[in-house]
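Assemble the complex: chain D is given as a structure, and chain B must be docked to it using the hints.
Each chain, letter by letter, is given below.
Protein chains: 2
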Amino acid sequence: MPRSGAEARRRLQQAALELYRERGFDRTTTAEIAARAGVNERTFFRHFPDKREVLFDGESHLRASLTQAVAEAPDGLQPLDLLLFAFRKVEHILEDNRPFAEPRLRVIAATPALRERDLAKTAAITETVAEALRQRGVADRQAGLAAHVGWAAFHHAAQAWIDDPAQSLDAHLLRAFDDLRALCLTTPAGDRSR
Amino acid sequence: MPRSGAEARRRLQQAALELYRERGFDRTTTAEIAARAGVNERTFFRHFPDKREVLFDGESHLRASLTQAVAEAPDGLQPLDLLLFAFRKVEHILEDNRPFAEPRLRVIAATPALRERDLAKTAAITETVAEALRQRGVADRQAGLAAHVGWAAFHHAAQAWIDDPAQSLDAHLLRAFDDLRALCLTTPAGDRSR
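Protein sequences, first through last, are from chains D and B. So in my numbering, the last one in the first sequence is 194, and the numbering has no gaps at all. So in my numbering, the last one in the second sequence is 1194, and the numbering has no gaps at all.
If we strip away everything but chain D, and leave its shape as in the complex, we get:
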């Protein structure tokens, strides 16, 4: 039996990830996850409300860290630069945890029930980031759009980093923001008639 609550929690996450990979999310029960982690099922439910949440433990930490990073960013940055600063501050959370992060992202991508939960978490983070931008004086309309667009670039970078671990997440992140700027820059004002 694991000694501490934190240790049990970590073992439950690892056991769930292994089982989801081996036999799929739908065919795994909470009892099986608990058994592999060496705890009983009641302990599972003391830590997680359901089979999905066990893979989303880091989300609240990421969200809090991002909010703090936006709040602490230097003055005078434009919204996207402010977000790039914040993403670079928190990228170590993913990098420190790559052995878990990589299979986790693959299992989520392959499992509709987990994808839905992941998308809901993402939407919640995006709203939090938008609110943090507003606190920094970014106009209401611009804050929501900037949060969505910035998150799209961050997500893009994380996916590229999973596919190509030869480069750091930071390098992928800088490239994603460069791609984003290029995408907008190459768009001429042009003729808008239909």
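Among these hints, one or two may not hold up.
So the derived label-pair ranges between C-beta atoms look like this [said to hold, decoys possible]:
1) 60(D) - 1163(B): 25 to 35 Å
2) 135(D) - 1131(B): 31 to 41 Å
3) 1131(B) - 131(D): 30 to 40 Å
4) 40(D) - 1097(B): 36 to 46 Å
5) 72(D) - 1057(B): 41 to 51 Å
6) 24(D) - 1163(B): 35 to 45 Å
Partial list, computed: chain D residues near chain B (C-beta under 8 Å) [to be verified]:
7) 79
8) 144
9) 179
To spell it out: a stretch of chain B is covered by chain D in this simulated footprint if at least three of its residues, at any positions, have a beta carbon under 8 Å from a beta carbon of chain D; those stretches are [what the hints assert, rightly or not]:
10) 1004-1018
11) 1169-1180
These are computed hints drawn from the structure, not numbers from a lab. Even for Gly, the Cβ is constructed at its ideal location relative to N, Cα and C.
Positioned in the frame of chain D, the structure of chain B alone reads:
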């Protein structure tokens, strides 16, 4: 009893939307939706697999129309302009259906189970749009990012249009893309040290 299948379908959608607004999604049963629509429950399940899908009927039509619009866009457009062209081609789908679209968006925003489904549909549309961009010769890496970013602007415009119906969806869409360009333009290359 409604005469045709299409009429029954439309009545089921209207009945579901009304009931979700009146008593909430969770407290509404498929039997109640069928009763209000004047059909039996078997008819409900002939049209929709579950209580959530009844509000997402237009998604496949929107997705097909967007794909076609991207395919038919003039040559020589940059990715974001190509997307703006495509969104303008399909915006009438939302505008023609505002009496349904508006309460639908409000119910979705207020119901976690519907939000998750909505986010999953959005992710599927974004992937389809990215694929359509690749078919038009947009580079793989750029296509995914452009689809996400373009969709963020479209979603932003649709939300603004719901909140402010005094302006057309088209006007909101043009403004969202202007905001998007401004967001990137005001971002200087700057110092990237941490």
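| Supplied distance hint 30 to 40 Å, evaluated on CB atoms of residue 1131(B) and residue 131(D) | 33 Å, holds
| request: Kindly confirm whether 41 to 51 Å is satisfied by the beta carbon distance between residue 72(D) and residue 1057(B). | output: 46 Å, holds
| query | Are residue 179(D) and chain B close enough, Cβ to Cβ, to be under 8 Å, as the hint says? | reply | At about 6 Å, which falls below the 8 Å cut-off, the nearest Cβ of chain B leaves the hint on residue 179(D) intact, so it holds.
| query | Do the Cβ positions of residue 24(D) and residue 1163(B) conform to the proposed distance bound of 35 to 45 Å? | reply | The hint (35 to 45 Å, Cβ to Cβ) holds, given that residue 24(D) and residue 1163(B) are roughly 42 Å apart.
| message | Within 25 to 35 Å: is that where the Cβ-Cβ distance between residue 60(D) and residue 1163(B) falls? | response | Since the Cβ atoms of residue 60(D) and residue 1163(B) sit about 29 Å apart, the hinted range of 25 to 35 Å holds.
| task | Mind checking the hinted window 31 to 41 Å against the Cβ distance between residue 135(D) and residue 1131(B)? | result | Because 38 Å falls inside the window, the suggested range holds.
| query | With 8 Å as the cut and Cβ atoms as the points, is residue 144(D) at the interface with chain B? | reply | Holds. Min distance 6 Å.
| field | Annotated coverage of the stretch 1169-1180 of chain B by chain D, confirmed only when three residues or more have a Cβ within 8 Å | value | holds (count 4)
| field | Interface hint outcome for residue 79(D) [beta carbon to chain B under 8 Å] | value | Holds, about 6 Å.
| Within 36 to 46 Å or not, the Cβ separation of residue 40(D) and residue 1097(B)? | 52 Å, violated
| query | Quick check: the stretch 1004-1018 of chain B, covered by chain D? Criterion 3+ residues, Cβ under 8 Å. | reply | Our answer is that it is violated, as 0 residues pass the Cβ test (under 8 Å) against chain D, missing three.
Hint violations for this structure: numbers 4, 10, all remaining hints satisfied.
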